[in-house]
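J.: For reference, the chains in residue letters:
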Amino acid sequence: MTELAITTFRLTRRFGDLTAVADLDLQVPGGSVYGFLGPNGAGKTTTIRLLLGLIRPNAGEVRLFGQSLRDGRMTLLRRVGALVETPSLYPHLTGRENLEVTRRLLDARQEQINRALAIVKLEQDAHRRVAHYSSGMRQRLGLALALLGEPELLILDEPTNGLDPAGIREMRDLICRLPEEHGVTVFLSSHLLNEVEQVATHIGIIHRGKMLFQGTPDELQAQLEEHVTLEVDQPDVALRLLSQAGWTAQRNGNHRLVVQVNGHSDVAMINAQLVHAGMNVFHLNLKQPSLEDIFLKLTGEQDRQGGSK
Amino acid sequence: MTALVRALRAETLKMKRTLALWLTIIAPLGMVGLQLIGALQRGEQYVRQFEDVWVRFGQEMFVFFGFLIVPLFVALETALLGGLEHRSNQWKHLYALPQPRWTVYAAKQLMGMALIALSMAGLVGFSVLAGLVLRMLMPGVGFDAAIPWDLFLKYGVMVYLASWLIISLHTWVAIRWQSFVVAMAVGILMTVGGMVIINADWATFYPWALPGLLANTFNKGEPILLKELIVSVVGGIVVALLGCWEVTRRDVL
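Protein sequences appear in the order of chains A and B.
The opening position of the first sequence corresponds to residue 1 in our numbering, with each subsequent residue numbered one higher.
The opening position of the second sequence corresponds to residue 1001 in our numbering, with each subsequent residue numbered one higher.
Where hints are given, some of them may not hold.
Said to hold, decoys possible - Incomplete in silico selection of chain A near chain B, CB under 10 Å:
(1) Val80
(2) Tyr90
(3) Pro91
(4) Arg128
(5) Val130
(6) Leu145
(7) Glu150
(8) Val275
(9) Gly278
(10) Met279
(11) Val281
To be verified - Take a look, some chain B residues computed to stay more than 10 Å from chain A by CB distance:
(12) Lys1014
(13) Val1055
(14) Tyr1095
(15) Tyr1206
Bear in mind the hints are in silico, worked out from the structure with no lab data behind them.
Note that beta-carbon positions come from the ideal geometry of N, C-alpha and C, so glycine has one too.
Turn these sequences into a full structure, and let the hints steer you where they fit.
T.: Following this line, the structure appears as structure tokens:
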């Protein structure tokens, strides 16, 4: 197993009465693209600020590469690049000058500016002032700033916020390339499921400061049962038959039946049973739940639990 | 220490094309320009009545600059320096970089001090230049006398040192609060207050009055206002350290 890039232990941060992050245990494997999901106000940005040492936790601990952030802030941050919310850019400076400001602070080499510009494909516009940049270009330059010190861990907060579809695709492609081509572990937050779905190898879901789920997308899928939708010529008979055979089946309001299953073999078995009983099956559709369903289910469950207290 | 040097080098690059940098030339140039026009308008008869025109000319320049321009200018420059970071959400970026947090504040403080130093140097340089222009335009009124460099330099340095305390105070205000308006409002209110307070016994301890008090003694052979200078320099260093400590330990939201 690879080294963990980020671990947190019961990380907690309160703002007055509000507990923004509660007992959070993050585990981000090295080399992964970790999608940190949650609705707006779930505590994503607070978590990221804690990971970067911008704010201090009330309780718990952040470890980067196995080392406590409290003890080794300077050495650890040297291995981290971050883009938190809107990129921090000086509009009166050119793209290259913006990178140069950070290069001087990092004491990085001059070539690293060219490298960062090449990764985000901004070489052509590096001489222009950032004031004249589009939001997509600003976001890419923000990413270049984060990549400048050749980090092992990249922390991105809502990297596609405010981008148009083309910009979102560009950003997504970049994020996908980074682990392979540059060996970077990526931790990115988002409130958009489909966005994370397309890039993440690991997913964490946070809601109201609490971790609801952490694991691979496959493990997340397994949280919800699959079901098959059937259309037959005698739905009432079929329903009785399947219930007797031990399936959890129900009418879906019209002439179709919905049966809970577990994998393709179940679907084949149901089909065989119905055909064997002399019924005509017109339609058979195995539906896998989308992450959207899972997300709504998980957050919905927690809301109900919270409400009943 | 190398971290501070790096922070200062970054800070210098940020100043490129900024209003803050241009103002260090514009403020003294505008000020001296107005004095020059004033002298020309009042004419030779007016100028001729003064015993030592160089001293008189320098007095007008320094007193006005010290009383009014320096306090406002310090507020404006530090507000611009702080605004540079506030406007583009730089704090989260700067503090997430592997550099000691205090260097960010220290670099700002030192840049503020450097900009005010530049404007004071500008005041000295432009004043002498204006005197030389008058030497040509009004021959025989007294500008032919040797340029009192020592006097101009001495008061340039002293008024500058007398502004250290307000530089520190305004650096803290400008970094601590996001709003440009807050930073400028504090500067304007305190400067206006200084005009009332300047004659009080305790004006020595009113930071915004110190540059004016020092400039007010502009003359040959005047004793140096040591107490005021010590209040400003020592106070400036103490406030800078406190401000740095206070800002550095705050959450970066």
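J.: Run every hint past the structure and note whether it holds.
T.: Against the structure, the hints:
{"no.": "1", "hint": "Val80", "result": "7 Å, holds"}
{"no.": "2", "hint": "Tyr90", "result": "6 Å, holds"}
{"no.": "3", "hint": "Pro91", "result": "7 Å, holds"}
{"no.": "4", "hint": "Arg128", "result": "13 Å, violated"}
{"no.": "5", "hint": "Val130", "result": "9 Å, holds"}
{"no.": "6", "hint": "Leu145", "result": "7 Å, holds"}
{"no.": "7", "hint": "Glu150", "result": "13 Å, violated"}
{"no.": "8", "hint": "Val275", "result": "63 Å, violated"}
{"no.": "9", "hint": "Gly278", "result": "69 Å, violated"}
{"no.": "10", "hint": "Met279", "result": "63 Å, violated"}
{"no.": "11", "hint": "Val281", "result": "59 Å, violated"}
{"no.": "12", "hint": "Lys1014", "result": "6 Å, violated"}
{"no.": "13", "hint": "Val1055", "result": "42 Å, holds"}
{"no.": "14", "hint": "Tyr1095", "result": "6 Å, violated"}
{"no.": "15", "hint": "Tyr1206", "result": "35 Å, holds"}
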